[in-house]
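Enquirer: Residues per chain, in single letters:
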Amino acid sequence: MSRRKTDEEYKKTRAYRFFRWLSGEDEYYPDETRMDMDLLIPDEDESTLLERMKDKQLAKEKAYDEKTNSLLRIFNKLYRIVAVVFCIMLGALLVYNASYLPPVGAADKATNNEVPARYIEKGIEETGAVNIVTGMILDYRAFDTFGESNVLFVATITVLILLRLNKKEDLDKAEQSDHGYEPKNDVILQTVAKFLVPIIIVFGIYVILNGHLSPGGGFSGGAIIGAGLILYLNAFGFKKTERFFTEKTYKWVSFGALTTYCMCKAYSFFCGANHLDSHIPLGTPGAILSSGLILILNICVGLVVACTMYTFYVMFRKGDF
Amino acid sequence: MELVRNFPFFSIMLAMFSGPVCSVLPGKAARVVNAIVISIVAILSAVLLAFLMASGESFVFMMGHFPAPWGNEIRAGVLEAGMALFFSIVMLLSVLGGIKKLFDEVVVSKHNLYYVLVGLMLSSLLALVYTNDLFTAYVFVEINTISACGLIMIRENGRTIEAAVRYMIMSLIGSAMILLGICVLYDLTGHLLMSNIKEQVALLVADGSYPEPLLCTIALMSVGLAIKCALFPFHAWLPDAYGYSTVSSAAILSSLVSKGYIFLLIKIIYRVIGFEIYRGSGVIDVLFIFGLAGMIFGSVSAIRENDVRRMIAYSSVAQIGYIFMGIGMGTQFGMVAAIFHMLSHASTKSLLFISAIGLTDVSDGSRKFGPLTGSGYRNRIAGLAFAVGSLSMVGVPLFSGFISKLLFAEAAVTLTGRMLPVLIVLGISTILNAIYFMKTVIRIYTPVDEVNRVKKEGYEPVHMRQVPLYGVVLCAFVILNVFLGVMSDSIVNLIRIGLDMFA
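Protein sequences appear in the order of chains V and R.
Numbers given in our numbering equal positions in the first sequence, counted from 1, plus 31.
Numbers given in our numbering equal positions in the second sequence, counted from 1, plus 432.
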């Protein structure tokens, strides 16, 4: 470092003292104020330390043992009684409150206002979806549904954090114990699965693709596909599923689906809010290629849901793909 | 329409989009993406705030092709933009301040998942701030809850997983109560849009019809949100969750997550139920009394604690008590004080958590007060920052905590029946705060016998040059704190304008 001053001169400057103070190298207190404190941790060898810890643990256990501590026993009993009474009271209060609510199905109920009227009367015309529910969740209120699919995504991330194994040894151990518990080559299961899995998955795809025409949609169809994948995994084991579904698959499929959803909806929100024409044709209601973005969004939601279901199962069973 | 009106929508979408992107990136790239996204959100919010100050009126933004009661809608006013700006700044600093600790405590292969959670947490906070629709608020409350659980347990030791389970149970009870409240309210009014509900509720109150369900829904939503932000009797989940999670998580949870819920409660008070009607219901008195109790009992628990991070966590209980006391006063002044205290507490509590971690690191990782003795000399910048945070919490002039205490006292003077309890409890709580914070500051600046200290491993002094980012973050927090304390007039003015826009 080039310095104009010599070391001696530099040591006299305030900057030097400041940096020394900051680094904690200086004599920060005179001798007479120095306190003679006991050692922070008493010097002891391993065995006495262990004994001390054990004693501490025993004392703790004794303090929380119901047999020796009568006060705790009384408290625990009282706690249970109070908890039950409180829950019953809360339930009673809510039922009492519900009895004051407007009756279900009354014609003059507040919920029968202009909001559902427009959904029912103009739903097909404005969204192009014959299934009004799909039109509502994926077009009128698509922002909420985007939030909802992100709830699924963040739930999977949390499960990955909790259950994905970090070390290679743990993984091998998990694999071995998994092999021990699961029946291998179960003929009945495999034969049934061979017939059922394709049907289940095709049905799931049908439910997703027909989401805007008939009851169903991304959430329910994705759950069906996920169930089919889990059945396949149970019948044939991880070796077969790993050929087409690994962690990479999960990552890229959910990334692709959420990105597509995000891009599509961002485009349509932006156009809608700025009163621009989005140039997305609605098509003829009832045709498979109709209702604008709803079909794409349904596929995205379906992929996210199917991957989520499968990943949950795999994580809970083995801790890795 | 001006481009700047799109900014709330841009910031929510950008934060949500950063989640999936971070999930496919390696940890380091995810960190960079996350920091960039949070900075962009901060800049967008700052521009929006400037625009709203100039134009002087709030606006609504239609999410999609359909107008409000049918489609979704978000709304931006001065208060919303200011909160979004403040939240993103504090979140950026909290994430940056805890990077080093994240490497120590979390497996490297899971770092990108951490930034996914942070991104989604930011998006949910922004959506809670901007939303104009109760159901959208509920959806983002869900995201917030789940990602908070992930943030707590990513450290993966026994205590944090236990803390996360406890947090999840308590938080889900809160969510269920909010959902029940929204359902009852929908049944009564037939709307989910905030402004429409407010009209209908005003009509219902004028008619005098359905008083019991209305009271019930107010109580359910208030108590549900109070559980989620750890108001005094519901705070059992808090010390473990804040005390053992990794430091960025603790800072984000204590300073932002609870504030997001409180902001939602304020929004419900002003924009869903209506301030006068809310004040007329007895629920506000319950919040007031719980707030007062929390101010005392939170501090008492903090004094009894022998673990510095749990002590800071318990101090949060007391500070949340302050905020609810301000809300419970039922006046405009009280609300302004509560909102200012939200800002003050958010900037101070994250500062305290992050500086405490610097002190425990030079004390062999121990959080007990014994080994912490003299740690202020071993890590100067952390010691200084901790002292600043403590002084601010106690309420020393120049720092933000003083202004909020002053505002609370001023607000109390205008009350007729509640002046005495507020002032007495405020005094007692300040003294209790001083007891445990000054105890810690004296402890960390007590010289220890050098011979014993330097010999030991884990007690070596740390220079700022070794941890430059950490030092910069702490300096930024201190500056933010002093800024809130010095520029308080204009900030209070901003909050007043924002609250006027609310109604």
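Take the hints with a grain of salt, since some may be wrong.
Only pairs whose alpha carbons sit at most 16 Å apart, straight line, appear in this in silico EDC-like list of lysine to aspartate or glutamate [said to hold, decoys possible]:
id: 1; chain 1: V; residue 1: 85; chain 2: V; residue 2: 157
id: 2; chain 1: V; residue 1: 349; chain 2: V; residue 2: 203
id: 3; chain 1: V; residue 1: 140; chain 2: R; residue 2: 619
id: 4; chain 1: V; residue 1: 349; chain 2: V; residue 2: 179
id: 5; chain 1: R; residue 1: 542; chain 2: R; residue 2: 594
id: 6; chain 1: V; residue 1: 270; chain 2: V; residue 2: 179
id: 7; chain 1: R; residue 1: 871; chain 2: R; residue 2: 737
id: 8; chain 1: R; residue 1: 542; chain 2: V; residue 2: 206
id: 9; chain 1: R; residue 1: 542; chain 2: V; residue 2: 351
id: 10; chain 1: V; residue 1: 198; chain 2: R; residue 2: 588
id: 11; chain 1: V; residue 1: 279; chain 2: V; residue 2: 203
id: 12; chain 1: V; residue 1: 198; chain 2: R; residue 2: 619
id: 13; chain 1: V; residue 1: 270; chain 2: V; residue 2: 175
id: 14; chain 1: V; residue 1: 271; chain 2: V; residue 2: 351
id: 15; chain 1: V; residue 1: 199; chain 2: V; residue 2: 351
Note that these hints are calculated values from the structure, not bench results.
Enquirer: For the pair we were handed, residue 279 of chain V and residue 203 of chain V, check the Cα-Cα distance against 16 Å.
Expert: Violated, at about 20 Å.
Enquirer: Keeping to a limit of 16 Å between CA atoms, is the pair of residue 271 of chain V and residue 351 of chain V held or broken?
Expert: Distance ~15 Å between residue 271 of chain V and residue 351 of chain V Cα, so the pair holds.
Enquirer: For residue 140 of chain V and residue 619 of chain R, compute the direct alpha-carbon distance and say whether it is at most 16 Å.
Expert: holds (8 Å)
Enquirer: For the pair supplied as a hint, residue 349 of chain V and residue 203 of chain V, is the alpha-carbon distance within the 16 Å limit?
Expert: holds (10 Å)
Enquirer: Compare the distance between the alpha carbons of residue 871 of chain R and residue 737 of chain R with 16 Å, and conclude whether the hinted pair is satisfied.
Expert: holds (12 Å)
Enquirer: Just to be careful, I want the Cα atoms of residue 85 of chain V and residue 157 of chain V compared with a cutoff of 16 Å; is the pair within it?
Expert: violated (72 Å)
Enquirer: Does the alpha-carbon distance linking residue 198 of chain V and residue 619 of chain R stay inside the 16 Å limit?
Expert: violated (52 Å)
Enquirer: Does the structure keep residue 349 of chain V and residue 179 of chain V at a Cα separation of 16 Å or less?
Expert: violated (27 Å)
Enquirer: Mind checking the alpha carbons of residue 542 of chain R and residue 206 of chain V for me, to see if they're no more than 16 Å apart?
Expert: Violated, because 21 Å separates the two Cα atoms, which is more than 16 Å.
Enquirer: Are residue 542 of chain R and residue 351 of chain V close enough, with their CA atoms no more than 16 Å apart?
Expert: holds (13 Å)
Enquirer: For residue 270 of chain V and residue 179 of chain V, compute the direct alpha-carbon distance and say whether it is at most 16 Å.
Expert: violated (33 Å)
Enquirer: Please verify whether residue 270 of chain V and residue 175 of chain V have alpha carbons no more than 16 Å apart.
Expert: violated (38 Å)
In summary, the structure is inconsistent with hints 1, 4, 5, 6, 8, 11, 12 and 13 from the numbered list given earlier, while agreeing with the others.
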